[in-house]
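Number of protein chains: 2
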Amino acid sequence: MITGKNHIGNQLSSLGTVRFKTINPELNKENEFEYFQATEEEINQAVDKAEEAFHSYKNYSGKQKAEFLRTIADEIESLGGDLINTYCSETGLPTGRAIGERGRTVFQLRSFADLVEEGSWVEASIDTGIPDRTPAPKPDLRKMSIPLGPVVVFGASNFPLAYSTAGGDTAAALASGCPVIVKSHPMHAGTGELIATAIVKAAEKTGMPNGVFSNINAKDYSAGQQLVSHPKIKAVGFTGSIKGGRALLDIAAKREEPIPVFAEMGSINPVVLLPKALENRRNEIANTYAGSITLGTGQFCTNPGLILGIAGEELSGFIEELGSKIKEINPSCMLHPNIHGAYEKGKQQAMNQNDVTIVANLDEEIQTNYASQLVATVSGKTFLENSTLHHEVFGPFSIVVQCENLEQLEEIISSLEGQLTGTIISDDNEISNYSELVAKMQNRVGRLIFNGVPTGVEVCPSMVHGGPYPASTDSRFTAVGVNSIKRWVRPFSYQNWPNELLPDELKDENPLGISRIVNGQTNQV
Amino acid sequence: MITGKNHIGNQLSSLGTVRFKTINPELNKENEFEYFQATEEEINQAVDKAEEAFHSYKNYSGKQKAEFLRTIADEIESLGGDLINTYCSETGLPTGRAIGERGRTVFQLRSFADLVEEGSWVEASIDTGIPDRTPAPKPDLRKMSIPLGPVVVFGASNFPLAYSTAGGDTAAALASGCPVIVKSHPMHAGTGELIATAIVKAAEKTGMPNGVFSNINAKDYSAGQQLVSHPKIKAVGFTGSIKGGRALLDIAAKREEPIPVFAEMGSINPVVLLPKALENRRNEIANTYAGSITLGTGQFCTNPGLILGIAGEELSGFIEELGSKIKEINPSCMLHPNIHGAYEKGKQQAMNQNDVTIVANLDEEIQTNYASQLVATVSGKTFLENSTLHHEVFGPFSIVVQCENLEQLEEIISSLEGQLTGTIISDDNEISNYSELVAKMQNRVGRLIFNGVPTGVEVCPSMVHGGPYPASTDSRFTAVGVNSIKRWVRPFSYQNWPNELLPDELKDENPLGISRIVNGQTNQV
Chain F
80 MITGKNHIGN
90 QLSSLGTVRF
100 KTINPELNKE
110 NEFEYFQATE
120 EEINQAVDKA
130 EEAFHSYKNY
140 SGKQKAEFLR
150 TIADEIESLG
160 GDLINTYCSE
170 TGLPTGRAIG
180 ERGRTVFQLR
190 SFADLVEEGS
200 WVEASIDTGI
210 PDRTPAPKPD
220 LRKMSIPLGP
230 VVVFGASNFP
240 LAYSTAGGDT
250 AAALASGCPV
260 IVKSHPMHAG
270 TGELIATAIV
280 KAAEKTGMPN
290 GVFSNINAKD
300 YSAGQQLVSH
310 PKIKAVGFTG
320 SIKGGRALLD
330 IAAKREEPIP
340 VFAEMGSINP
350 VVLLPKALEN
360 RRNEIANTYA
370 GSITLGTGQF
380 CTNPGLILGI
390 AGEELSGFIE
400 ELGSKIKEIN
410 PSCMLHPNIH
420 GAYEKGKQQA
430 MNQNDVTIVA
440 NLDEEIQTNY
450 ASQLVATVSG
460 KTFLENSTLH
470 HEVFGPFSIV
480 VQCENLEQLE
490 EIISSLEGQL
500 TGTIISDDNE
510 ISNYSELVAK
520 MQNRVGRLIF
530 NGVPTGVEVC
540 PSMVHGGPYP
550 ASTDSRFTAV
560 GVNSIKRWVR
570 PFSYQNWPNE
580 LLPDELKDEN
590 PLGISRIVNG
600 QTNQV
Chain X
80 MITGKNHIGN
90 QLSSLGTVRF
100 KTINPELNKE
110 NEFEYFQATE
120 EEINQAVDKA
130 EEAFHSYKNY
140 SGKQKAEFLR
150 TIADEIESLG
160 GDLINTYCSE
170 TGLPTGRAIG
180 ERGRTVFQLR
190 SFADLVEEGS
200 WVEASIDTGI
210 PDRTPAPKPD
220 LRKMSIPLGP
230 VVVFGASNFP
240 LAYSTAGGDT
250 AAALASGCPV
260 IVKSHPMHAG
270 TGELIATAIV
280 KAAEKTGMPN
290 GVFSNINAKD
300 YSAGQQLVSH
310 PKIKAVGFTG
320 SIKGGRALLD
330 IAAKREEPIP
340 VFAEMGSINP
350 VVLLPKALEN
360 RRNEIANTYA
370 GSITLGTGQF
380 CTNPGLILGI
390 AGEELSGFIE
400 ELGSKIKEIN
410 PSCMLHPNIH
420 GAYEKGKQQA
430 MNQNDVTIVA
440 NLDEEIQTNY
450 ASQLVATVSG
460 KTFLENSTLH
470 HEVFGPFSIV
480 VQCENLEQLE
490 EIISSLEGQL
500 TGTIISDDNE
510 ISNYSELVAK
520 MQNRVGRLIF
530 NGVPTGVEVC
540 PSMVHGGPYP
550 ASTDSRFTAV
560 GVNSIKRWVR
570 PFSYQNWPNE
580 LLPDELKDEN
590 PLGISRIVNG
600 QTNQV
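These protein sequences, in sequence, are chains F and X. Each residue of the first sequence is one higher than the last, beginning at 80 in the working numbering. Each residue of the second sequence is one higher than the last, beginning at 80 in the working numbering.
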């Protein structure tokens, strides 16, 4: 089923001469198929088609878009074992994870289908006119969200399904009425192509305009740069490294017409262990965190890379236990030799800093591309003074910081860059005494977690997956949950517009029966 | 009452040696007072105070913030004739306009007071946990909007009250929980200082933290650059020229931590005259537009700078009538000699282009700083080929484009930069035959107007004042109406957080009685 070709709208295309293969990190060898890197011409074709498709697709009803999204989900499920096998062969991740991630992906697609079919997401608002108002008549104004235009989505290395080709960004953009061009992640180009095939099949089955979706293969950066620079592209979604996300943000900011880039980037997800909790259940916490640090080989953006407590016997005991527990966990495979290489390099760089003590380092011989987990510890002073230790090391790595006192702990929190999450581990209501710490943490994160682990991002409307830069490039939006659709739309007003020419969402008679704000009051009909 | 000093939080400060005066454009002479340009040190003090204030102000209740905003409105009204006189002496605008704009300003402040007192604007959303869900428990997640941090607002030259010191940006930011530092517009520094005094008085009366508001005087660009670059500043609001807004956007984009800039910039607000309307009432339309083009000496961002129709007898008749009507209007004073100079220069540049025909140009001797209105006409081909003619000329200036046919008219619409508004003048339901034209127009604007004029921006929830770049730097937000508060907030999630420690907006018992989404359902209690 895999051809290695690009999907330029509904057409397969392979005009280029540059080819590449994906790697099976578990076997440490190349997979079978060759992928054709898209040429400049193919990328321009995809953008032109997306723009043309936009002019009709933006007017498709919520019902039509819902059918499209649900059919994508069905087609993905129909890929069956082929998809799961390809996924595993390109990621080194186990079958259970592949199945779970597929479930999340189709759940997201169906959630957006429900959202746009119901229709109230456009936030329709009506202020009726008062023609005889003095000194000037009040015009009739009606507002709703409309799609921005063609969106480019960059597939994420660590979520080949849920944050890639038909992942959250794509589902939200398609739901909003924006055509999508996916720059497929070259590490899982086969998985990407299978999903692209499912999307194109769904587009054809449900009568979507050709160009509503394209899938671009590329191993070089130039394809992404070309896409983000293209004047017809109106927004960008990205999940990945700070370096990659920032590069795209900078390109977008320098355009003649700057465009929004929503990049969800790195995070070390600070966890604070309060004294009572350490006293009551340090071993249990250590055990839980050994699991969270190594979950998915530490390749989650919410991986807990920083654990903070106040120095003392209890914290020392926790560190010892964490080291011992994490050593018991069997190493697992990383996504790609390059990611494994970067992990080893990042780990080495952290260990080479002054005054870093290694708590647990699996130095036994392990399989190629498998990650050896590492826990290190430093004093609060060392951590504060050395910002290298604040950088994410992508993989099963965490630093425990032994702070002198609460003041230093708070100072560290305030010194951190923006984070996706912050966690407080607390017992016996002790958290009530730490309101200043909580406030400082809130200032640096997008989500506060009580007595849990940051890994595991629930897909629901109340989730915020994002946060102050560099957790994301625009903290005013979330990347997960139905509200992520807001990244791809703009509000639009009609003034004194004839009722019959208004979109259904804004007509007097409310034919869609959506929730609307009419003259300041929420109104269901 | 005017001291010429900066407000650094609640303290008056004049550490600098650079001073400047404002100009009375009507009299073409300097006003009495001298203003102290803020020093780097003073700016840093203002930012430090704002950041300190943020840590408490962000937690002030909606009720407290509402009281603050209403007291600002009251204090502004208490300034009485002093404010009106100062306003007029610094702008050349008439008393009626000053009074009207003051009314709009206090209305905006009170609207935001109502919004935050009621409280539902935070978009609270609750997904309750399912501890026994398999394979993993569902956590309890609760989300609401929280303020970004200290905001810098740049006063607008053309709205010394409604878009300046206590204008829409300031009101929205203060309502959201963000401290504000205003970079006062040097052309109306006296008006700015009077308003700043009112805000500071209100802050003191209602117990707001010192630093919740500062007012910075500066005639040089460096003060604004320093503010936008400062790491403790988290967002920027601006109303003004494309050049000025883009410069700030570029500074913000290059920061280590890029921040959002909402700049509402230039626009030529295309108006399309459909054939039937021209046939039925070309003289009436000409008369209306002569008024709209010259309203406020053409110094509105929604001024109709571009009128399009299909060439023919009717359009020629309209052009003639527009020329004759606009000549009858008495010239009026511009805001400042520099703005008058820029108007004359822009007008000259437009007139110097090839194949531009002047329809009406008041060449009689008029008072210094008064604007002589100008209407020119060109062919569709000329307009399409010469993008210089697409640039805004700020003042009572408009170009009528005589298109060869509908296709060319549509091509022109598609070739335009982003605009705040687009207007269609239509009779006898002819607009139904122009759906493609309307779609193309919608793609370039933030608000579509039917049979009206773009000038006059109603302040209500359904208004969108913004649009594709360069109408604004982020089309996903409006600058007018209560929804403009969304520019200054980010969504924030609490996971499994103890009920008693949650903000009131998210507590189980909903003590504020706000509208919330609970497990997907809108829920009033």
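Since the hints were made in silico from the structure, they are not lab data. Treat the hints with care, as some may be off.
One copy or two, either will do: identical chains are not told apart, so a pair holds if it fits within one copy or between any two.
[As the list claims (entries may be wrong)] Derived pair list, reagent style DSS-like, types lysine-lysine, alpha-carbon separation capped at 27 Å:
#1 K280 with K84
#2 K333 with K322
#3 K355 with K298
#4 K311 with K460
#5 K298 with K460
#6 K108 with K424
#7 K333 with K311
#8 K322 with K100
#9 K333 with K108
#10 K404 with K84
#11 K322 with K311
#12 K298 with K142
#13 K404 with K284
#14 K565 with K586
Just so you know, these numbers come straight off a predicted model, no measurement behind them.
Hints, verified against the model:
no., hint, result
1, K280 with K84, "within (15 Å within a copy, 67 Å between copies)"
2, K333 with K322, "both (17 Å within a copy, 14 Å between copies)"
3, K355 with K298, "neither (50 Å within a copy, 56 Å between copies)"
4, K311 with K460, "between (50 Å within a copy, 23 Å between copies)"
5, K298 with K460, "neither (42 Å within a copy, 44 Å between copies)"
6, K108 with K424, "within (21 Å within a copy, 68 Å between copies)"
7, K333 with K311, "both (15 Å within a copy, 24 Å between copies)"
8, K322 with K100, "within (24 Å within a copy, 47 Å between copies)"
9, K333 with K108, "neither (40 Å within a copy, 41 Å between copies)"
10, K404 with K84, "neither (46 Å within a copy, 63 Å between copies)"
11, K322 with K311, "both (25 Å within a copy, 23 Å between copies)"
12, K298 with K142, "neither (37 Å within a copy, 55 Å between copies)"
13, K404 with K284, "neither (52 Å within a copy, 58 Å between copies)"
14, K565 with K586, "both (22 Å within a copy, 25 Å between copies)"
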